[in-house]
Amino acid sequence: MKTGRTSRRTIRQRRAISGYLFILPFLIGFLAFMVRPMIQSIIMSFQSVSLSAQTGITKTWVGLANYVYAFTIDPEFNQMLVDEVIRMVTHSLATMVLAFMIALLLNQQFKGRALARAIFFLPVILSSGVLVGIETDNSLIIGMKELITQSNTMNFGNALFGLLSASGVGTPALEVVNDLITAVYDIVMASGIQIVVFLSGLQTIPRSMYEAAEMEGSSAWESFWMVTFPIISPLLIVNMIYTIIDFFMKTDNLIMEKIHEEMFINLKYGFSSALSWIYFAVAIAMIGISSLIIRKGVRHYE
Amino acid sequence: MSNRDKALQLDSFWVRNRKSGGLLLRQEARKRFVALLRFLMLFGLCFLILQPVLDKISVSFMMEKDLYDTTIIVVPRNLTTENYTLAAYLLNLNTSLLNTTVISLVTALLQIIACTLAGYGFARFEFPLKRFWFACVVLVIVIPPQTISSSLYLHFRYFDVLGIFTRLTGGPINLKGSPLPYLMLSATAMGLKNGLYIFMIRQYFKSIPYSLEEAAYVDGASTLGTFLKVLLPQAVPILVSCFLFAFVWQWTDVFYTRLFLPTANTQYLSIRLSGMAESLRTYVSTRRGITTPPVGYIMQMISTGVLVVVGPLLVLYLVAQRWFIESISATGLKD
Numbered sequence: 001m002k003t004g005r006t007s008r009r010t011i012r013q014r015r016a017i018s019g020y021l022f023i024l025p026f027l028i029g030f031l032a033f034m035v036r037p038m039i040q041s042i043i044m045s046f047q048s049v050s051l052s053a054q055t056g057i058t059k060t061w062v063g064l065a066n067y068v069y070a071f072t073i074d075p076e077f078n079q080m081l082v083d084e085v086i087r088m089v090t091h092s093l094a095t096m097v098l099a100f101m102i103a104l105l106l107n108q109q110f111k112g113r114a115l116a117r118a119i120f121f122l123p124v125i126l127s128s129g130v131l132v133g134i135e136t137d138n139s140l141i142i143g144m145k146e147l148i149t150q151s152n153t154m155n156f157g158n159a160l161f162g163l164l165s166a167s168g169v170g171t172p173a174l175e176v177v178n179d180l181i182t183a184v185y186d187i188v189m190a191s192g193i194q195i196v197v198f199l200s201g202l203q204t205i206p207r208s209m210y211e212a213a214e215m216e217g218s219s220a221w222e223s224f225w226m227v228t229f230p231i232i233s234p235l236l237i238v239n240m241i242y243t244i245i246d247f248f249m250k251t252d253n254l255i256m257e258k259i260h261e262e263m264f265i266n267l268k269y270g271f272s273s274a275l276s277w278i279y280f281a282v283a284i285a286m287i288g289i290s291s292l293i294i295r296k297g298v299r300h301y302e
Numbered sequence: 001m002s003n004r005d006k007a008l009q010l011d012s013f014w015v016r017n018r019k020s021g022g023l024l025l026r027q028e029a030r031k032r033f034v035a036l037l038r039f040l041m042l043f044g045l046c047f048l049i050l051q052p053v054l055d056k057i058s059v060s061f062m063m064e065k066d067l068y069d070t071t072i073i074v075v076p077r078n079l080t081t082e083n084y085t086l087a088a089y090l091l092n093l094n095t096s097l098l099n100t101t102v103i104s105l106v107t108a109l110l111q112i113i114a115c116t117l118a119g120y121g122f123a124r125f126e127f128p129l130k131r132f133w134f135a136c137v138v139l140v141i142v143i144p145p146q147t148i149s150s151s152l153y154l155h156f157r158y159f160d161v162l163g164i165f166t167r168l169t170g171g172p173i174n175l176k177g178s179p180l181p182y183l184m185l186s187a188t189a190m191g192l193k194n195g196l197y198i199f200m201i202r203q204y205f206k207s208i209p210y211s212l213e214e215a216a217y218v219d220g221a222s223t224l225g226t227f228l229k230v231l232l233p234q235a236v237p238i239l240v241s242c243f244l245f246a247f248v249w250q251w252t253d254v255f256y257t258r259l260f261l262p263t264a265n266t267q268y269l270s271i272r273l274s275g276m277a278e279s280l281r282t283y284v285s286t287r288r289g290i291t292t293p294p295v296g297y298i299m300q301m302i303s304t305g306v307l308v309v310v311g312p313l314l315v316l317y318l319v320a321q322r323w324f325i326e327s328i329s330a331t332g333l334k335d
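In the order they appear, the protein sequences are chains A and B. Per the numbering used here, the very first residue in the first sequence carries number 1; after that it's consecutive. Per the numbering used here, the very first residue in the second sequence carries number 1; after that it's consecutive.
Isolated chain A, as found in the complex (with noise of 0.2 angstroms):
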């Protein structure tokens, strides 16, 4: 008995030793790339940091001031936040709700089924890396583009906009659906992997739970949120994760390209520093309060 409990525990260590060799790549590459410019970075958001040829880097420990900076003398970047918090909520709650819709829509038997599921895909692809924004990256074009939106796109969404204020509905409940609807195409193009998710959920629920269901008398509704969203909310949280993780890294949202501004134009170390763990901050924040919020819902189903 005690030989085997003793051989037991050996495996066990032996077992733990190939895992950290397992993860051995990982662990270095985190030590030595993201712990330590992350700290770094962390002390130099405090720092006043400017560089020279002569002297090379000098930095100078100037407190808070940074931070300081950014939230009462820095013209744009309280402003950018608030926009930027709130077209992140109003945008994933819209991405969460047209992926499910249309992985709804693509968990029915038709024909051409496949090659919409790979046309909704498509975007995890186009828009990634350079793609994102290059057509807007032009100075020149950004105004050209203006003109092309106010004068053609614009148009539906405009004529609605102007019905639905003429008929008096509120006007901040208006706005935030006006700009929805002109963004359904960035919505669109972030919703590509959480279609797939919620697709392959979808696909897990056996079709006897909804004849089940309809041997009970439940109407198609009632099985919609009796069975189907009570098996697919642990996948909210997971798709509202990412969601609000590809909103806050995109290269074209206006703080990233502030902080890339400040670091690489105006040279300011230290307070694009600042700003990025401020908006880094935000995002753990947003990410904490959706997945409570959401956990609790869920609660509520099981």
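Since the hints were made in silico from the structure, they are not lab data. Ideal Cβ positions, reconstructed from N, Cα and C, are used throughout, including at glycine. Treat the hints with care, as some may be off.
[Claimed, not checked] Selected chain A positions facing chain B (Cβ under 10 angstroms, derived; list incomplete): (1) Arg12; (2) Arg14; (3) Tyr20; (4) Ile28; (5) Pro37; (6) Gln108; (7) Phe120; (8) Tyr242; (9) Met249; (10) Ser273; (11) Trp277.
[Said to hold, decoys possible] In the DSSO-like style, the derived pairs of lysine-lysine whose C-alpha atoms are separated by at most 27 angstroms in a straight line are: (12) B:Lys31 - B:Lys19; (13) A:Lys111 - B:Lys31; (14) A:Lys250 - B:Lys193.
Given the coordinates of chain A, work out where chain B should sit on it, guided by the hints.
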């Protein structure tokens, strides 16, 4: 539209419908209506995705004068492939295609090796601090690389990346450096979106029944041997798809490429594409003597450039579409 559809149904099903007491009509009409609605929605959304690509294709074959002809919307009147020749020249196609292919293949391979090892380690082994290290993986996913880019940037600049300023301010490209830092990052699973790959691969390994390995261990196989001979063949789908993702995202990446890779002696498609408007400007001013090319022409050349850069990826996607999608399906299931 929908009403007309219903009316059509009414005519053809009227008799049989009366026999069934209206049930047949309702069922059939509802089925058709749902199908139509579904088709319209899917068609609209698919069109939304495809339209920019189709638009770029049509524009890329037009001659410049077609752009200003208001009677031409989609089909070019003067077909030409001249745009592609110019785009190839501006992208420095031969060199940059080769470089991009090589760097994407090499880094994707290194990243997937590192991520597979880590994913397997996290999926199958119990070791102290496992939860902590896995939280670190999640941290890697969540932290935007831009957050630490300033210090990484200074770090690498201090060592070997002097002269990045001229590159970024759009001046002559004169950058000393080596691909080594980025290869190191890739080999240690710190490249583009690598946390995500570790997560996906871990999920996949977790879905493979443990009895497979147990059988191998009983037969006296070593840990590494079991991993290589029993588990890896099982995990081919997820590995291929992660490799494809790594390859594709690396192909279009500007962030890491600009930060870590030497752009002086070697050219990359993504970098060339992002500087396309600039290079077109210099090209036009030297050849035609105009200081700035018309905006429409810049747009046209950028569209062509995008197509040239994306072309290989689209072909890859068409061929390997199944691999891209099905692995996501496999990993999305379990939380």
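The hints, checked one at a time:
1. Contact between Arg12 of chain A and chain B, as hinted, is supported at the beta carbon level, the nearest pair being about 7 angstroms apart and thus within 10 angstroms.
2. Annotation: interface hint on Arg14 of chain A holds; nearest CB of chain B at approximately 8 angstroms, less than 10 angstroms.
3. The closest approach between the C-beta of Tyr20 of chain A and any C-beta of chain B is roughly 6 angstroms, which is under the 10 angstroms cut-off, so the hint is satisfied.
4. Checking Ile28 of chain A against chain B by beta carbon gives a least distance of about 5 angstroms; that is within 10 angstroms, so the hint holds.
5. The interface hint given for Pro37 of chain A holds, since its Cβ lies 4 angstroms from the closest Cβ of chain B, which is under the 10 angstroms cut-off.
6. With 10 angstroms as the threshold, the beta carbon of Gln108 of chain A comes within range of chain B, its nearest partner Cβ sitting at about 7 angstroms, so the hint holds.
7. Evaluation of the Phe120 of chain A hint against chain B yields a held restraint, the C-beta minimum of about 7 angstroms falling below 10 angstroms.
8. Residue-level restraint check for Tyr242 of chain A holds (minimum Cβ-Cβ distance to chain B is 9 angstroms; threshold 10 angstroms).
9. Taking 10 angstroms as the C-beta contact cut-off toward chain B, the hint placing Met249 of chain A at the interface holds, the least distance being around 5 angstroms.
10. Here the hint on Ser273 of chain A is kept, as its CB sits about 5 angstroms from the closest CB of chain B, short of 10 angstroms.
11. Checking Trp277 of chain A against chain B: minimum C-beta separation of about 7 angstroms stays under 10 angstroms; hint holds.
12. Restraint check for Lys31 of chain B and Lys19 of chain B: the C-alpha separation of about 19 angstroms stays at or below 27 angstroms, so the hint holds.
13. A hinted pair counts as satisfied when its Cα atoms are at most 27 angstroms apart, and Lys111 of chain A with Lys31 of chain B qualifies at roughly 14 angstroms.
14. As the CA atoms of Lys250 of chain A and Lys193 of chain B are separated by approximately 12 angstroms, the hinted pair is consistent with the 27 angstroms bound.
Taken one by one, the earlier hints all hold for this structure without exception.
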